[in-house]
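Chemist: Take a look at the letters that make up each chain.
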Amino acid sequence: VEYMLVSFDHENKRVQLVLSGEEVLETLQEKGERTNPNHPTLWRPEYGSYMIEGTPGQPYGGTMSEFNTVEDNMRQRRKEATSLLKENQALCTITSFPRLGCPGFTLPEFKPNPVEGGASRSLFFPDEAINKHPRFSTLTRNIRHRRGEKVVINAPIFKDKNTPSPFIEKFPEDDEAAKASKPDHIYMDAMGFGMGNCCLQVTFQACSISEARYLYDQLATICPIVMALSAASPFYRGYVSDVDCRWGVISASVDDRTREERGLEPLKNNNYRISKSRYDSIDSYLSECGEKYNDIDLTIDKEIYEQLLQEGIDHLLAQHVAHLFIRDPLTLFEEKIHLDDANESDHFENIQSTNWQTMRFKPPPPNSDIGWRVEFRPMEVQLTDFENSAYVVFVVLLTRVILSYKLDFLIPLSKVRENMKVAQKRDAVLQGMFYFRKDICKGGNAVVDGCGKAQQSAELAAEEHEEYALMSIDTIINGKEGVFPGLIPILNCYLENMEVDVDTRCSILNYLKLIKKRASGELMTVAKWMREFIANHPDYKQDSVITDQINYSLILKCNQIANELCECPELLGPAFRRVRYSGSKTDSSN
Amino acid sequence: QLRDCIQKTLNEWSSQISPDLVREFPDVLECTVSHAVEKISPDERDEMKVSAKLFMVGSNSSSSTKNAVDMACSVLGVAQLDSVIIASPPTEDGVNLSLEHLQPYWEELQNLVQNKKIVAIGTSDLDKTQLEQLYQWAKVKPNSNQVNLASCCVMPPDLTAFAKQFDIQLLTHNDPKELLSEASFQEALRESIPDIPAHEWVPLWLLRYSVIVKSRGIIKSKGYILQAKRRGP
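In order, the protein sequence lines correspond to chains A and B.
If you're matching positions, the first sequence starts at 1 in our numbering and goes up one per residue.
If you're matching positions, the second sequence starts at 591 in our numbering and goes up one per residue.
Treat the hints as calculated values from the structure; they're not laboratory data.
Where hints are given, some of them may not hold.
What the hints assert, rightly or not - Which chain B residues stay away from chain A? Per the calculated CB distances, all over 12 Å, these:
(1) Ser608
(2) Val668
(3) Glu682
(4) Asn686
(5) Asn701
(6) Val730
(7) Ala773
(8) Ile783
(9) Pro784
Claimed, not checked - The calculated lysine-lysine pairs, modelled on BS3-like cross-linking and capped at a C-alpha distance of 30 Å, are:
(10) Lys406/A to Lys804/B
(11) Lys406/A to Lys629/B
(12) Lys812/B to Lys406/A
(13) Lys598/B to Lys406/A
(14) Lys767/B to Lys643/B
(15) Lys812/B to Lys480/A
(16) Lys179/A to Lys421/A
(17) Lys170/A to Lys182/A
(18) Lys406/A to Lys639/B
(19) Lys438/A to Lys812/B
(20) Lys513/A to Lys804/B
(21) Lys480/A to Lys810/B
(22) Lys438/A to Lys598/B
(23) Lys718/B to Lys643/B
(24) Lys598/B to Lys480/A
(25) Lys292/A to Lys810/B
(26) Lys754/B to Lys79/A
(27) Lys86/A to Lys132/A
(28) Lys754/B to Lys729/B
(29) Lys643/B to Lys406/A
(30) Lys517/A to Lys767/B
(31) Lys810/B to Lys406/A
(32) Lys170/A to Lys159/A
(33) Lys480/A to Lys767/B
(34) Lys810/B to Lys438/A
(35) Lys415/A to Lys517/A
(36) Lys754/B to Lys513/A
(37) Lys302/A to Lys268/A
(38) Lys513/A to Lys767/B
(39) Lys425/A to Lys438/A
Each residue gets a CB set at the ideal place from its N, CA and C atoms; glycine is no exception.
Full structure from sequences and hints, please.
Modeler: What follows is the structure in structure tokens.
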């Protein structure tokens with residue numbers, strides 16, 4: 001879970017991001033993991049100087065009762081970090097800070113200084129808002145230098161009654177901005193607008209490399225669905241946008257491709273045309289079953305590919321790694337250049353950790369018993385520990401169900417890419433239609449350890465056309481008679497076969513209820529709730545502008561909801577807390 | 591789901607046997623589809639938890655319990671089941687389940703525990719009073735009691751407290767009151783094997799088993815075993 005530190009100025013009705021992440025992190029680590037290696041939480045730096053990331057101290061185990069410890073642990077993280085804050089400060093789990101990049105959005109306040117020597121050269125996002133560790137400003141500067149210009153982010157503006165049409169921002173003093181900004185879009189020009197957002201990620205340990213490859217592929221198809229379900233970021237740079245998710249914004253915020261690589265100029269100095277940013281959906285499936293659905297042209301470093309093949313790595317894995325390596329390293333520490341590659345994987349990790357895709361396939365580092373892991377990365381962070389637990393538990397349960405029933409969600413990868421685009425749109429959760437596989441049961445055939453080789457007859461291609469259909473998220477999650485069984489009904493079927501204690505079952509019941517109702521529209525996503533909050537705010541002038549006062553009210557309300565100081569039935573369900581089993585150790589009275 | 595399983599099994603089975611077999615009224619008919627049942631290999635046994643829930647259908651002799659457990663062990667190729675839960679046996683209309691109803695089955699289950707055929711035994715849908723009565727009387731104490739999913743968020747505090755005190759796990763289930771009635775069994779039978787005098791066949795018990803990979807929360811296999819008896823025409 002990633003967090004933002006905010007400070008309320010109740011007198012002037014303002015809220016700002018506090019640039020104290022480094023100090024808070026230092027204290028959290030000092031009091032936590034450095035004092036006790038078994039401390040239940042771990043803290044890590046994040047891009048923004050106002051951000052921190054918290055993870056459980058140890059991986060969760062595989063028994064059902066572990067599901068009941070997720071929320072406890074998240075609560076502990078919130079409590080630990082909150083206890084270090086000063087008066088009027090709060091720890092928020094919001095995906096994008098609505099006035100990020102607006103004048104005076106940080107505490108202390110800094111003016112952006114758009115000069116070449118800086119990191120971002122942004123008109124809006126001061127370098128002081130970037131984490132002080134040199135890695136982050138170096139990343140920022142190197143992305144900009146490699147690209148040859150500032151990053152360009154244009155998020156479509158939401159056209160309200162009084163929004164100027166066309167909506168055009170003028171940047172008379174900045175030629176680059178004037179050219180890059182598009183009409184009817186909110187223009188942003190710094191890595192911080194993307195990497196300065198918070199998200200929710202889950203990493204799974206697999207029992208073998210083939211299980212990891214299988215899960216990687218299967219979950220890749222789920223990414224757009226769960227992202228739309230978790231939509232929580234409708235506002236950028238003080239404006240109401242027409243997207244509900246951060247994905248496209250982050251993707252553009254770290255797009256280091258040159259004009260040649262983007263196909264705007266003929267290739268002269270660069271090696272490849274590259275179709276996507278380093279931050280985007282995955283480009284190839286890894287399992288044998290996935291091979292026939294790999295329909296995206298994959299740009300690879302041929303030399304690396306050949307080398308891997310020669311060393312006995314199979315085609316699918318070799319091309320995956322060779323694809324990662326079409327990117328240049330973004331940061332390198334001088335003392336980490338000459339390494340013993342047999343015992344250190346820093347060079348791989350360096351490229352891997354700057355390929356920010358929907359899924360991440362994580363080979364174990366040398367001399368480690370951590371095993372093969374898969375990371376699920378598309379989710380937006382939710383306001384409360386309850387919601388964040390619900391999404392995490394939903395995805396973890398889904399992996400258990402996929403492995404138990406050997407489910408198969410695979411569709412052509414180009415369709416998954418299209419789904420990612422649809423998933424970001426405003427109200428995609430209710431309005432969007434997504435390609436999804438119709439028959440997900442392989443009839444008990446083990447798909448983990450490989451299936452038939454790719455066949456490509458015309459007959460099969462015709463049959464394949466029928467393999468998937470456009471479905472709403474409601475159909476995918478809750479099922480629809482005669483169309484699709486629904487992920488939650490399948491989860492419930494799985495749960496009936498597991499021995500689950502009453503406390504845990506009650507928590508899971510409430511988690512799945514939230515997911516179910518968000519999918520059906522009975523409950524709002526955070527994005528929709530925020531939009532309604534703004535729309536109903538007395539200061540809002542139907543002009544897509546989020547003022548300091550409106551932002552203050554919104555974040556104050558978010559903080560009250562997160563700390564259970566008020567209920568929010570349209571977001572969480574009616575008084576859901578009271579439904580929780582009263583004897584549960586996780587219950588909190590207030 | 592259960593009726594589907596019964597029909598699929600009978601359909602497949604009856605398509606493989608000589609039609610005479612059904613008409614010849616043998617004493618024992620074993621209807622299995624061998625490729626649908628997965629035996630547990632001995633080197634995997636330690637990683638698995640093999641659980642079963644036993645549903646009594648009609649009035650029953652208590653030796654049914656032993657039959658059911660023996661059959662589950664042999665089908666799965668194991669010496670021992672890790673846990674068996676007995677669903678509350680059906681009672682006549684308006685009669686509450688009492689200790690006497692449970693006793694014959696529980697005695698049998700206790701023997702099976704003592705003979706190392708089962709590791710732990712449990713109950714289903716008992717309230718605090720019923721559970722307490724059983725606990726006090728039983729030689730081998732219940733290790734768990736299942737409650738219906740509908741009540742997992744609104745547990746009666748007395749049951750929770752009692753279970754905690756005596757270290758009885760409270761688990762959840764989502765089974766209907768009657769998983770399989772005589773009538774619906776016969777209907778399934780009739781649809782699968784039209785020639786059979788379905789009304790003569792009475793289900794005795796039904797056992798649902800599941801094999802779980804312990805530390806990973808993965809279902810390895812799951813199935814039902816059902817015994818039916820033919821009464822005189």
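Chemist: Does each hint hold? Answer for all of them.
Modeler: Each hint, compared with the structure:
1. No beta-carbon of chain A is positioned within 12 Å of the beta-carbon of Ser608/B; the least distance is around 28 Å.
2. For Val668/B, the shortest C-beta to C-beta distance to chain A comes to about 17 Å, beyond the 12 Å cut-off, and the non-interface label holds.
3. No Cβ of chain A comes within 12 Å of the Cβ of Glu682/B; the nearest lies about 28 Å off, and the non-interface call holds.
4. With a minimum CB-CB distance of about 23 Å to chain A, Asn686/B clears the 12 Å threshold, and the non-interface call stands.
5. Residue-level check passed: Asn701/B sits 23 Å from the nearest beta carbon of chain A, beyond 12 Å.
6. Chain A leaves Val730/B outside its interface by the beta-carbon criterion, the shortest separation being 19 Å against a cut-off of 12 Å.
7. Chain A leaves Ala773/B outside its interface by the beta-carbon criterion, the shortest separation being 24 Å against a cut-off of 12 Å.
8. Non-interface call for Ile783/B relative to chain A: holds, since the shortest CB-CB distance, roughly 24 Å, exceeds 12 Å.
9. Taking the minimum C-beta to C-beta distance to chain A, about 27 Å, the non-interface status of Pro784/B holds against the 12 Å cut.
10. Among the hinted pairs, Lys406/A with Lys804/B is consistent with the structure: their alpha-carbon atoms are about 17 Å apart, no more than 30 Å.
11. For a cut-off of 30 Å, the pair hint linking Lys406/A to Lys629/B stands: about 18 Å separates their Cα positions.
12. Note on Lys812/B and Lys406/A: the hinted pairing holds, with a Cα-Cα distance of about 14 Å set against a maximum of 30 Å.
13. A distance of roughly 21 Å separates the Cα atoms of Lys598/B and Lys406/A; the hinted pair therefore holds under the 30 Å criterion.
14. With a C-alpha separation of about 14 Å, the suggested pair Lys767/B and Lys643/B falls inside the 30 Å cut-off, and the hint holds.
15. Among the hinted pairs, Lys812/B with Lys480/A is consistent with the structure: their alpha-carbon atoms are about 25 Å apart, no more than 30 Å.
16. The suggested pairing of Lys179/A with Lys421/A holds, with an alpha-carbon distance near 25 Å, which does not exceed 30 Å.
17. A hinted pair counts as satisfied when its Cα atoms are at most 30 Å apart, and Lys170/A with Lys182/A qualifies at roughly 10 Å.
18. For a cut-off of 30 Å, the pair hint linking Lys406/A to Lys639/B stands: about 19 Å separates their Cα positions.
19. Under the criterion of a C-alpha separation no larger than 30 Å, the hint pairing Lys438/A with Lys812/B is consistent with the structure, at around 24 Å.
20. At roughly 27 Å between alpha-carbon atoms, Lys513/A and Lys804/B fall within 30 Å of each other, so this suggested pair holds.
21. The hinted pair formed by Lys480/A and Lys810/B meets the criterion: a straight-line CA distance of about 27 Å does not exceed 30 Å.
22. Distance hint between Lys438/A and Lys598/B is fulfilled; the C-alpha atoms sit about 23 Å from each other, no more than 30 Å.
23. Distance hint between Lys718/B and Lys643/B is fulfilled; the C-alpha atoms sit about 20 Å from each other, no more than 30 Å.
24. For the given pair, Lys598/B sits about 24 Å from Lys480/A by alpha-carbon distance, which is consistent with the 30 Å threshold.
25. Pair hint Lys292/A plus Lys810/B holds up; C-alpha atoms about 28 Å apart against a cutoff of 30 Å.
26. A C-alpha spacing of about 29 Å is found between Lys754/B and Lys79/A, which places the hinted pair at or below 30 Å, so the restraint holds.
27. Simply put, Lys86/A and Lys132/A have alpha-carbon atoms about 20 Å apart, close enough for the 30 Å limit, and the pair holds.
28. Between Lys754/B and Lys729/B the alpha-carbon distance is near 19 Å, which keeps this suggested pair within the 30 Å criterion.
29. Distance restraint check for Lys643/B and Lys406/A: the Cα-Cα separation of roughly 24 Å lies within the 30 Å cut-off, and the hinted pair is therefore satisfied.
30. Our distance criterion of 30 Å between C-alpha atoms is met by Lys517/A and Lys767/B, whose separation comes to about 28 Å.
31. In summary, the hint linking Lys810/B to Lys406/A is supported, as the alpha carbons are separated by about 10 Å, within the 30 Å threshold.
32. A C-alpha spacing of about 18 Å is found between Lys170/A and Lys159/A, which places the hinted pair at or below 30 Å, so the restraint holds.
33. Distance restraint check for Lys480/A and Lys767/B: the Cα-Cα separation of roughly 27 Å lies within the 30 Å cut-off, and the hinted pair is therefore satisfied.
34. In summary, the hint linking Lys810/B to Lys438/A is supported, as the alpha carbons are separated by about 24 Å, within the 30 Å threshold.
35. Straight-line distance between C-alpha atoms of Lys415/A and Lys517/A comes to about 26 Å, which keeps the hinted pair within the 30 Å bound.
36. Between Lys754/B and Lys513/A, the direct Cα distance comes to roughly 28 Å. Compliance with the 30 Å bound is thereby established for this hinted pair.
37. Restraint check for Lys302/A and Lys268/A: satisfied, since their Cα atoms lie roughly 18 Å apart, inside the 30 Å limit.
38. Between Lys513/A and Lys767/B the CA atoms are separated by roughly 24 Å; this keeps the pair inside 30 Å, and the hint holds.
39. In summary, the hint linking Lys425/A to Lys438/A is supported, as the alpha carbons are separated by about 24 Å, within the 30 Å threshold.
Going through the hint list in order, the structure satisfies each hint without exception.
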